[in-house]
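> Based on the provided sequences and hints, a complete structural model is requested.
Protein sequences appear in the order of chains A and B.
Numbering follows numbering that gives the first Met the number 0, in which position 63 of the first sequence is assigned residue number 62; successive positions increment by one, without gaps.
Numbering follows numbering that gives the first Met the number 0, in which position 273 of the second sequence is assigned residue number 272; successive positions increment by one, without gaps.
It is worth saying that the hints were derived from the structure and are not from the lab.
Be aware that one or more of the hints could be misleading.
As the list claims (entries may be wrong) - Lysine-lysine pairs mimicking PhoX-like chemistry, simulated, CA-CA at most 25 Å apart:
id, chain 1, residue 1, chain 2, residue 2
1, A, K123, B, K397
2, A, K88, A, K114
3, A, K56, B, K390
4, B, K397, A, K114
5, B, K209, B, K169
6, A, K56, B, K219
7, B, K397, A, K21
As the list claims (entries may be wrong) - Only some residues are given here: those of chain A computed to face chain B with a beta carbon under 7 Å:
id, residue
8, A1
9, G3
10, R14
11, V16
12, G17
13, L19
14, A33
15, G37
16, R41
17, F60
18, G61
19, W75
Claimed, not checked - Chain B stretches covered by chain A per the calculated footprint, using a threshold of three residues with CB under 8 Å from any CB of chain A:
id, stretch
20, 221–234
21, 335–347
22, 371–384
These figures come from a predicted structure and were not determined experimentally.
Ideal Cβ placement from N, Cα and C applies to all residues, glycine included.
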Amino acid sequence: MAYGDKVLDHYENPRNVGTLDKADPSVGTGLVGAPACGDVMRLQVKIGDDGKILDAKFKTFGCGSAIASSSLVTEWVKGKSVDEALTIKNTQIAQELSLPPVKIHCSVLAEDAIKAAIADWKKKRAAEQQQLTADRPQERRAE
Amino acid sequence: MVKVPIYMDNNATTPLDPRVLEAMMPYLTTEFGNAASRSHAFGWKAEEAVQKAREQIADLIGGNEKEIVFTSGATESDNLAIKGVAEFYKEKGNHIITTRTEHKAVLDTCKRLERQGFEVTYLDVDKYGRVSAEQVKNALTDKTILVSIMFANNEIGTVQPIAEIGAVVKERGIVFHCDAVQGIGKLPFDVEQMKVDLVSISAHKFYGPKGIGALWVRRKPRVRIAPIIDGGGHERGMRSGTLNVPAIVGFGAAAEIAKREMPEEGLRTGKLRQRLQDFLFAHLDHLELNGHPEHRLPGNLNVSFAFVEGEALMMAIKNVAVSSGSACTSASLEPSYVLRACGVSEDLAHTSIRFGIGRFNTEEEVDFVGKYVVDQVTKLRAMSPLYEMAKEGIDLSKIEWAAH
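Structure follows, in structure tokens:
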């Protein structure tokens, strides 16, 4: 399959490949896709107290379009607020990378990955706050 | 330094051997006659050249030149064999036996016949892609009119026990068709030893031109097929249409070279395959060899590189032309049905790469490809969440993945 220049650029020079500490309460992890379908994306975001995305990292098992889509969204979400990041649509990703119809699912997966990562962070934060409001002061264990 | 891009997809097609082109040239230029023209020298020369090619091709498979029916290629040969037998013998029965790993030219032809009322048994294969003569024997019924089983598989290179199956089928007087496209010219194939009745052959798989193939049709005892193309009654009525003389001449020349050089070439490509395989397995973990370790085409290597998607790997090694069983390389988004039939899981099927080493590949190229693949797989695995999880000891099969 012939790819557009932007896919090739992200594929050959992927941005923000890596791993953030998933135990860190300020980090949200989204793992979407399935090995049987040929693509799995893991997107991680580190979110500051002001709700801004400070850092984003990805690892992806998948074709060139899947890798490019995840690389692109790490660039896009950095510096955005959580609410802004949630407005990113798969169609924007597909358009930016000029994905052919057969590869649209890669952009859908990237959108899902953002949502999953932020949802994970929100869940962690809710749990944390619940604990803070509990009677006993929270004991933080150093790890 | 090797010259890139490197062509290592010789199971898809092979380059034309320069010696073959040389044999073809006169028939592309001055000797343009129609082999069916009986009244002048132009026709006689063309007919003579076709006759020689028939002998060269028949000689490669131990048959008689009168048994060669030229076609446009192996897809047509498979269609002609299966539809031709089904049509001719339909009064005798309506049952056909084949395997799950056949080429689509066989499987889709069988599917069409099923819609017309024929019954088809698709034999399961073992994890190496093999069927046994015993399986075929057990599947035969009073209604069976045709058994169609390939010599060697195009994806995984596995060679079927054709001679053993042939013995079982012959005993019952049933027609036995063999799609021998991938094996012929690479491994010895003798129609008497194999006890076959119909054999599909394609020139471009062994350094001949594209667009030409043959169906070998046994004469003793005579096997009958109904034609699927009607017209001027060429090829003893089995396949009408003006013969493609230059391509047929090339087909013949390629067959002669293949026969002469097969022992040496098979050994050489087999060694190169083993060299590549050994290098990859020595430098990477989590690899699976697809296909049979011994009963396989000498130049075929099919490996699953777990945790690295096949199409992404092909992009990463873009200076080397190979194939993948990954869904992303097909329009259907389904991974290889051949690997699935061998029981290879969907996730591993997505990570498979087929290397096809041929006549013109060198040891230097193989070494280059080996290092290149190791580097790129390592790079892609560093980017793979699955590889990271596997390294952490997480059992990926225990995770509930959301199918999409």
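> Would you mind marking each hint as holding or not holding in the structure?
Hints, one by one, checked against the model:
1. K123/A with K397/B: 23 Å, holds
2. K88/A with K114/A: 10 Å, holds
3. K56/A with K390/B: 19 Å, holds
4. K397/B with K114/A: 23 Å, holds
5. K209/B with K169/B: 33 Å, violated
6. K56/A with K219/B: 70 Å, violated
7. K397/B with K21/A: 20 Å, holds
8. A1: Violated, about 11 Å.
9. G3: 13 Å, violated
10. R14: 11 Å, violated
11. V16: Since the shortest Cβ distance to chain B is 5 Å, the answer is holds.
12. G17: 9 Å, violated
13. L19: L19/A check fails; min Cβ-Cβ to chain B is 12 Å, beyond 7 Å.
14. A33: 3 Å, holds
15. G37: Holds: closest Cβ of chain B sits about 4 Å from G37/A, inside 7 Å.
16. R41: At about 4 Å, which falls below the 7 Å cut-off, the nearest Cβ of chain B leaves the hint on R41/A intact, so it holds.
17. F60: With a closest approach of 5 Å, the F60/A hint holds.
18. G61: At 5 Å from the nearest chain B Cβ, G61/A passes the 7 Å test, so the hint holds.
19. W75: Where the cut-off is 7 Å and the nearest Cβ of chain B is about 19 Å from W75/A, the hint is violated.
20. 221–234: With 0 residues close enough to chain A, the hint is violated.
21. 335–347: With 3 residues close enough to chain A, the hint holds.
22. 371–384: holds (count 4)
This entry does not satisfy hints 5, 6, 8, 9, 10, 12, 13, 19 and 20, going by the numbered hints stated previously.
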